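Engineer: Going down the list, the sequences are from chains Y and R.
By UniProt numbering, the letter at position 629 of the first sequence is numbered 629, and the numbering carries on one by one without gaps.
By UniProt numbering, the letter at position 610 of the second sequence is numbered 610, and the numbering carries on one by one without gaps.
If you're looking for bench data, these hints aren't it; they were derived computationally from the structure.
Treat the hints with caution; some may be incorrect.
One copy or two, it doesn't matter: identical chains are merged, so the pair holds either way.
[Stated by the list, open to error] Straight-line Cα separation of at most 20 Å, SDA-like style, residue types lysine to any residue; simulated pairs:
#1 476 x 797
#2 676 x 781
#3 759 x 745
#4 676 x 785
#5 476 x 805
#6 728 x 523
#7 814 x 140
#8 647 x 609
#9 662 x 327
#10 476 x 806
#11 743 x 517
#12 102 x 356
#13 759 x 744
#14 294 x 716
#15 102 x 121
#16 795 x 480
#17 648 x 238
#18 814 x 115
#19 759 x 770
#20 676 x 778
#21 662 x 792
Here the structure is a predicted model, which means the values were calculated and not measured.
2 protein chains.
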Amino acid sequence: MHSPPLSPQLLNCLTPEENTGCQHGLYFQDGERRVDYILTYHIKKPSSSRSNRQSSRFTDNAFTRSLRRGTARLGRTPPPQPRGDPEVASQDHSMDYHVDDKRLHREEFEGNLRDMGMELEKDEDTKTPGVGFVKIHAPWHVLCREAEFMKLKMPTKKVYEMKQSTGVGAKINTLVNKVTEPLYPNVEDNRTQNVKHLSYMFSREKQHLYSVFYKYQPIGLVRKYFGEKIGLYFAWLGLYTQMLIPASLVGVIVFLYGCATVDDNIPSMEICHPKNNITMCPLCDRACSYWKLKEACGTARASHLFDNPATVFFSIFMALWAAMFMEHWKRRQMRLNYEWDLTGFEEEEVSDHPRAEYELRVMQKSLKKEHKTQKVLIEKEKLTCRDRLPAYMTNVVMMLLMIGVTFAIVFGVILYRISTKTALHMSNNPTTRSNVRLTVKTTAAIINLVVILILDEVYGAVARWLTVLEVPKTDKSFEERLIFKTFILKFVNAFTPIIYIAFFRGRLVGRPGSYLYVFESYRMEECAHGGCLMELCIQLSITMLGKQLIQNNLFEIDQYFSVVLIPLKKLIRYIKSKRRSFQEEEREKKLQRYETDHFLEPFAGLTPEYMEMIIQFGFVTLFVASFPLAPLFALLNNIIEIRLDAKKFVAELRRPVAARAKDIGIWYNLLRAVAKVAVIINAFVISFTSDFIPRLVYQYMYSPDGSMHDFVNHTLSYFNVSNFQDGKEPMDPQHQVEMCRYKDYREPPWSNTPYVISKEFWAVLAARLAFVIVFQNVVMLMSDIVDWLIPDIPKDISLQIHKEKILMVELFMKEEQGKIQFIDSMIPCGGKEKRNNHAPIARSRSIPHTHSHTHANNF
Amino acid sequence: MHSPPLSPQLLNCLTPEENTGCQHGLYFQDGERRVDYILTYHIKKPSSSRSNRQSSRFTDNAFTRSLRRGTARLGRTPPPQPRGDPEVASQDHSMDYHVDDKRLHREEFEGNLRDMGMELEKDEDTKTPGVGFVKIHAPWHVLCREAEFMKLKMPTKKVYEMKQSTGVGAKINTLVNKVTEPLYPNVEDNRTQNVKHLSYMFSREKQHLYSVFYKYQPIGLVRKYFGEKIGLYFAWLGLYTQMLIPASLVGVIVFLYGCATVDDNIPSMEICHPKNNITMCPLCDRACSYWKLKEACGTARASHLFDNPATVFFSIFMALWAAMFMEHWKRRQMRLNYEWDLTGFEEEEVSDHPRAEYELRVMQKSLKKEHKTQKVLIEKEKLTCRDRLPAYMTNVVMMLLMIGVTFAIVFGVILYRISTKTALHMSNNPTTRSNVRLTVKTTAAIINLVVILILDEVYGAVARWLTVLEVPKTDKSFEERLIFKTFILKFVNAFTPIIYIAFFRGRLVGRPGSYLYVFESYRMEECAHGGCLMELCIQLSITMLGKQLIQNNLFEIDQYFSVVLIPLKKLIRYIKSKRRSFQEEEREKKLQRYETDHFLEPFAGLTPEYMEMIIQFGFVTLFVASFPLAPLFALLNNIIEIRLDAKKFVAELRRPVAARAKDIGIWYNLLRAVAKVAVIINAFVISFTSDFIPRLVYQYMYSPDGSMHDFVNHTLSYFNVSNFQDGKEPMDPQHQVEMCRYKDYREPPWSNTPYVISKEFWAVLAARLAFVIVFQNVVMLMSDIVDWLIPDIPKDISLQIHKEKILMVELFMKEEQGKIQFIDSMIPCGGKEKRNNHAPIARSRSIPHTHSHTHANNF
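Work the whole structure out from these sequences, hints included.
Structural biologist: Okay, structure coming up:
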């Protein structure tokens with residue numbers, strides 16, 4: 001059994017008086033055998049559909065899976081899966097099973113449990129109406145057998161001392177330990193405490209006492225209580241948060257550098273110079289008038305904060321940071337594997353038991369075929385590609401459709417921006433007009449955010465639906481397909497508006513006299529003079545902060561709120577049930593622990609937690625060139641997040657079934673993919689979105705004195721206002737101008753080929769592209785070098801592993817030496833004989849006598 | 001012990017009469033105990049330094065290492081390494097040990113062997129003067145003990161049948177098997193034959209009988225005889241050769257496509273058109289005259305063979321091919337691991353025993369320190385970075401120096417080309433002049449080849465010397481550092497001239513009127529009109545074919561030649577010794593097998609074989625865009641190579657000590673690195689060396705009718721001959737021209753800015769760079785997808801592994817079921833008792849009674 005766990009019910013039953021009160025609930029009626037797991041079910045026709053679904057959810061996936069494995073061993077047919085998966089439950093429910101049918105299934109299931117060696121006790125006489133409980137006790141020999149199958153490593157009696165390092169290193173270490181002492185949580189990993197004590201630390205009543213946000217996480221205890229899989233999640237989150245500290249420090253420094261140098265920046269100085277008299281072409285047709293470049297002074301100065309040479313350094317730094325993070329995680333994982341005795345553990349590669357839905361489909365298919373061919377098939381059928389074709393087609397079509405929806409919405413927001421801007425420009429109120437840009441930008445960003453938040457939920461549901469449709473064979477493949485789809489949809493959703501702003505906005509504008517129009521009346525939007533980087537930055541910060549605030553931190557305002565935030569229906573239902581239960585509170589206090597815990601939410605897997613973090617990782621790495629403060633925001637979020645997650649797992653959810661895992665699986669690959677994409681995206685942001693390359697090109701190719709003077713003038717082309725199309729020229733009568741300027745590299749009106757793209761354009765373009773190639777390859781090379789320099793296994797761990805091996809071998813050799821001497825003393829002329837028939841080898845691993853690893857045993 | 005091997009001496013002793021003759025040599029004097037290994041040493045002061053070195057080499061690395069490990073277990077100090085490593089031997093030799101000293105060492109060593117449980121027999125009374133032999137027999141219990149330490153997997157008695165697949169798949173399989181039947185070697189892997197039979201297959205007398213070049217390799221037998229490490233090499237070589245078949249097929253098709261379309265190629269048609277009257281500027285100062293573009297007709301047509309759109313397709317194909325190869329190798333490796341029962345085997349990660357040189361250095365350091373501080377140090381010293389700094393510095397400096405030498409030589413060849421060309425141009429003989437280009441190109445390529453061949457050997461020696469200087473701690477680290485250095489030097493050596501031709505030649509020319517000069521008198525060389533692709537192709541084919549022919553196939557001409565080709569000294573020595581031994585031939589025939597085999601070359605490791613192949617892999621992937629026939633040449637070479645290597649290992653070298661290995665180690669990483677670099681290099685070759693991008697740009701941006709007509713004219717700029725610098729104009733009085741043309745994108749003399757780089761240049765450059773970005777990222781993405789689509793573990797293998805697990809568990813469960821029933825029948829009310837004190841678990845793995853895995857046991 002995947003470390004037969006403590007039942008979730010025992011969790012919060014811990015104040016001394018309560019403890020005595022429900023002591024009985026922890027044991028069978030005989031008061032001796034401990035309850036290790038509890039199943040719930042309905043005894044009567046359910047009174048409300050809701051409670052039925054909740055109870056059927058209660059039987060856990062991992063648990064039933066291991067049961068099925070167990071029965072398969074016994075050579076029986078696997079028991080029908082008792083509606084174990086949430087997604088099955090919601091489907092099957094409508095099928096309206098007969099009560100008897102259910103009872104039969106249940107009894108078969110219980111029979112199989114007994115065959116596995118489990119001991120059961122029914123408790124249908126509870127205070128919770130309509131719910132029956134089956135208590136399960138796993139006897140010692142069953143635990144031993146399963147531990148053997150899993151090749152659990154047990155601590156042996158043999159202990160050895162770790163060699164302490166000496167010298168300067170040790171001193172520094174001691175110093176570091178002293179400094180960080182207040183950061184260690186008040187729990188001693190090595191104390192021979194039991195889980196009861198641990199869960200006391202986490203109990204609801206004392207939640208302000210348990211380790212607080214500035215302390216390290218008690219990873220060892222987390223793993224002991226929740227199992228390796230969740231332990232790894234928290235370890236990963238911890239490392240990520242830790243790694244964000246240097247990143248945000250450097251980010252802040254880069255930002256401050258931008259602030260400090262804003263007054264030395266020649267281009268923005270030139271723009272803001274009072275003698276600057278450049279007249280710019282109007283920003284919209286007819287309604288807008290000519291404007292002075294001076295007016296863009298504010299944006300020009302602001303954009304320098306994010307568009308300076310330090311940004312280039314920072315995005316290289318962040319690419320290397322990502323590589324370092326990956327490497328450090330590999331090492332941390334290895335260390336945890338060693339500490340948690342997982343080094344020898346091999347995860348089962350394939351062929352977990354097929355899911356019930358899959359078997360159902362296969363059965364349907366065989367029945368159909370039998371019907372057709374009129375003979376009984378012996379071979380077991382499989383679902384072939386042809387059977388799955390419709391599902392695959394639906395998948396592809398739906399995915400494309402969803403992505404299309406995202407694009408359409410982004411396009412809609414663009415239209416909103418264009419039209420609102422034009423409308424506001426036409427307003428007569430001068431304050432409105434001066435605030436136009438800011439208003440439009442901010443509202444558009446907020447609309448985007450809301451859309452992203454809503455679509456995120458929709459996409460989550462769609463991805464699940466599509467995966468169910470696919471009928472994957474095993475649970476593992478189900479999870480992987482689901483994650484993959486969700487990841488793609490959520491990523492597209494979160495990053496499409498940002499990619500639009502970074503790479504397309506302001507590039508599809510056309511030129512004065514021949515603008516590009518959408519629907520023949522809306523001119524495509526331009527960026528403010530400082531480049532699009534500033535707008536990208538605003539969009540990024542609003543999306544990132546908004547997502548974090550809304551998706552996580554509302555949790556703090558109402559801790560129930562987050563769990564049930566979405567779908568909203570759940571919330572309402574929950575509040576209702578709370579109101580009702582308020583009257584029953586008194587009664588509930590006298591319930592068994594497992595009866596109260598029955599009403600907690602079930603554990604839905606780590607996928608949402610990882611997904612949230614990986615999207616955040618995307619924000620931190622993908623566009624970091626335009627927003628150096630992203631790591632800081634992520635850090636602040638995560639410091640809270642890590643504790644909120646812990647609280648949620650401990651107090652808000654039923655205790656998850658412990659599962660073993662050596663690594664974080666597919667998430668690691670997704671992280672790698674994001675880190676890879678980040679390199680190329682940052683290269684493009686620096687070279688195309690920022691003005692970094694044009695400035696360099698000007699400085700080294702065109703500037704007469706090698707300085708940045710006159711750069712602004714160089715980037716602006718001339719337009720002769722007489723070339724405006726009819727009806728597009730500004731109506732404003734005040735200005736009498738002959739030439740206006742616009743930002744582009746085009747030939748002036750007086751050249752032979754007016755308004756044609758100029759040589760400077762191609763030169764700058766070549767420079768931009770060359771930069772992308774150089775940046776991408778240099779950063780990839782450096783990442784590979786980082787990858788290669790940092791060994792995957794920490795030195796001390798590999799030394800310890802080696803040491804342990806040697807110790808084992810030593811023990812072994814001594815034993816044999818003794819034996820040989822003994823034999824030699826028996827046979828005086830022993831040297832000449834063949835000893836081929838001796839089999840003198842004792843087994844080295846001691847049988848797990850001493851104490852067990854499983855949770856249940858710690859009580 | 002790393003599978004205590006059969007001694008190499010037994011190898012060739014196999015014709016029936018011979019067999020009887022030397023039967024005695026295979027056993028100890030008692031005729032019962034088998035000889036498993038033989039050590040040789042000198043009994044007297046060596047008469048010649050040469051034979052001394054050879055004998056000391058004979059004690060093998062792997063063998064002594066495992067000995068040292070063994071004694072470490074016994075808690076003794078490790079024996080001084082008996083000059084086991086070739087590189088030590090050559091160093092230590094000059095130190096002139098006393099004979100007594102040596103004898104003491106030897107006796108200590110032998111004592112340690114006996115402590116390990118080995119049984120020794122000395123044989124100083126041989127017919128070979130000056131050489132003593134120590135025969136070693138490893139008794140059965142020692143083999144068992146070591147097998148346990150290594151966790152060798154043994155076949156158990158339990159057998160199960162593989163389920164045969166049915167249906168269409170199986171039919172196809174049968175068909176394929178039938179078709180490929182003649183390709184299978186005449187050995188049955190499953191026959192219970194002994195190694196004797198196998199080595200019979202390989203025996204020298206019958207070498208024409210054993211499996212021939214068109215048969216599959218008997219990998220299973222290779223592994224049985226040579227151990228996993230060498231088995232993996234041959235398996236890898238086999239897969240590589242196999243994968244080259246589709247690659248060379250596609251390559252040939254691409255080449256044929258070029259041949260077929262050469263007459264439809266508009267640019268070359270225009271060049272060859274009789275009415276084409278374009279006058280080109282002279283190719284050298286004064287001596288050369290103006291020339292007609294028509295003259296370049298031949299090269300233009302030839303270059304189309306390698307410079308056509310199919311090449312782009314082919315280089316994408318080859319990048320994916322490389323990714324596929326990697327993936328297939330991973331799968332093949334996994335399959336072999338499974339078949340060879342290596343799945344559970346973990347290679348020792350670190351801290352193999354330190355090398356003797358390392359310990360010597362550490363000892364010297366401690367002595368120095370003790371001398372200084374006047375107290376005995378208890379802590380063991382380590383070599384710190386500071387101690388190694390001089391060696392590291394030497395390493396860096398020498399590596400840079402060597403790379404500098406390569407560059408200098410390439411530069412020298414360039415100078416040779418330039419000066420010879422000028423000299424030949426001045427010749428009056430018209431045939432000489434017309435053949436100038438070809439002569440110069442070919443001689444230069446041959447010079448390059450010779451230089452590469454010589455430097456390859458020099459660099460191999462330098463890399464070894466540098467690594468010895470570094471004093472790496474373990475053998476593994478020694479090997480890795482050596483491989484890394486050798487790889488870098490040999491790669492730079494092989495590819496510098498090619499990279500020069502591909503990316504620099506013809507780009508640093510200047511323009512008429514302002515050419516670039518080397519040493520102020522030699523004009524930099526240009527490419528022929530067809531682009532540099534043609535020249536790249538010539539250089540590539542000469543280097544590749546030359547390397548292969550000279551480095552490998554001379555072996556066929558004289559099979560001794562290859563082994564001793566380089567250093568040449570060895571060769572001479574060898575021939576001498578052969579001549580001498582010719583007279584002794586008769587006597588030798590009566591020698592023990594191990595005495596004759598004493599004179600074979602020792603096995604020097606797989607490094608040279610792998611290195612050769614990886615350089616070839618570089619030729620196949622790196623510049624494949626310019627030379628689609630490379631895979632074909634590689635394939636032809638490898639078909640021979642694979643058998644020559646086998647022959648060499650079987651008949652020319654002492655039998656290597658078998659070593660276990662799960663993978664090919666660092667070589668896989670190097671292959672990956674080469675494949676990665678190949679993508680970017682091919683992108684640059686296509687976009688910068690070939691005319692692919694300029695043609696596209698012309699077609700879509702400048703061509704009036706979208707065809708390629710007038711493309712040639714478009715790429716040529718105008719030069720007014722009056723702008724020649726004084727003394728540089730051609731002396732030829734025949735031509736009276738006003739304008740000549742040259743290949744570049746520059747403004748014409750009549751523009752405002754004559755001879756300045758034109759807008760077209762920048763546009764083409766931008767297009768070239770954009771192509772590089774797109775190509776690189778698309779190909780990388782596709783490789784990643786290939787990587788992701790092909791599972792690392794073949795489906796059938798993972799199913800089998802899973803099945804075996806289930807079978808084990810089943811057996812186990814049945815055993816336990818029986819036990820529980822027994823207990824239950826003893827205690828009627830058994831359900832209520834705790835069974836915590838039962839420890840009912842039997843061990844699952846059976847002790848290796850049945851038969852051993854080691855070679856020795858197969859006799």
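Engineer: Are the CA atoms of residue 662 and residue 792 at most 20 Å apart within a copy, between copies, both, or neither?
Structural biologist: Both. Shortest intra-copy (14 Å) and inter-copy (18 Å) distances satisfy the 20 Å Cα cut-off.
Engineer: From the Cα coordinates, with 20 Å as the cut-off, is the pair residue 662 and residue 327 best called within, between, both, or neither?
Structural biologist: within (16 Å within a copy, 23 Å between copies)
Engineer: Could you figure out if residue 795 and residue 480 sit no more than 20 Å apart (CA to CA) within one copy, between two copies, both or neither?
Structural biologist: Cα proximity of residue 795 and residue 480: across copies only (18 Å, versus 33 Å in one copy).
Engineer: Please work out whether the CA atoms of residue 759 and residue 770 approach to 20 Å or closer within one copy, between two copies, in both situations, or in neither?
Structural biologist: both (17 Å within a copy, 17 Å between copies)
Engineer: At most 20 Å between CA atoms: does that hold for residue 676 and residue 781 within a copy, between copies, both, or neither?
Structural biologist: For residue 676 and residue 781, both the intra-copy (12 Å) and inter-copy (10 Å) Cα distances are at most 20 Å.
Engineer: Give the relationship of residue 102 and residue 356 under a CA distance limit of 20 Å: within one copy only, between copies only, both, or neither.
Structural biologist: within (15 Å within a copy, 74 Å between copies)
Engineer: Please sort residue 647 with residue 609 into within, between, both or neither, judging by C-alpha distance up to 20 Å.
Structural biologist: Only inside one copy: residue 647 and residue 609 sit 13 Å apart there, 59 Å across copies, limit 20 Å.
Engineer: Checking residue 294 and residue 716: alpha-carbon separation at most 20 Å within a copy, between copies, both or neither?
Structural biologist: Result: close within a single copy only, 14 Å intra versus 46 Å inter.
Engineer: Please work out whether the CA atoms of residue 814 and residue 140 approach to 20 Å or closer within one copy, between two copies, in both situations, or in neither?
Structural biologist: Close across copies (18 Å), not inside one copy (33 Å); limit 20 Å.
Engineer: Please sort residue 743 with residue 517 into within, between, both or neither, judging by C-alpha distance up to 20 Å.
Structural biologist: within (18 Å within a copy, 42 Å between copies)
Engineer: At most 20 Å between alpha carbons: which applies to residue 476 and residue 797, within, between, both or neither?
Structural biologist: Between copies, since 19 Å is at most 20 Å while 30 Å is not.
Engineer: Are the CA atoms of residue 648 and residue 238 at most 20 Å apart within a copy, between copies, both, or neither?
Structural biologist: within (16 Å within a copy, 56 Å between copies)
Comparing the model with each earlier hint shows no violations; every hint is respected.
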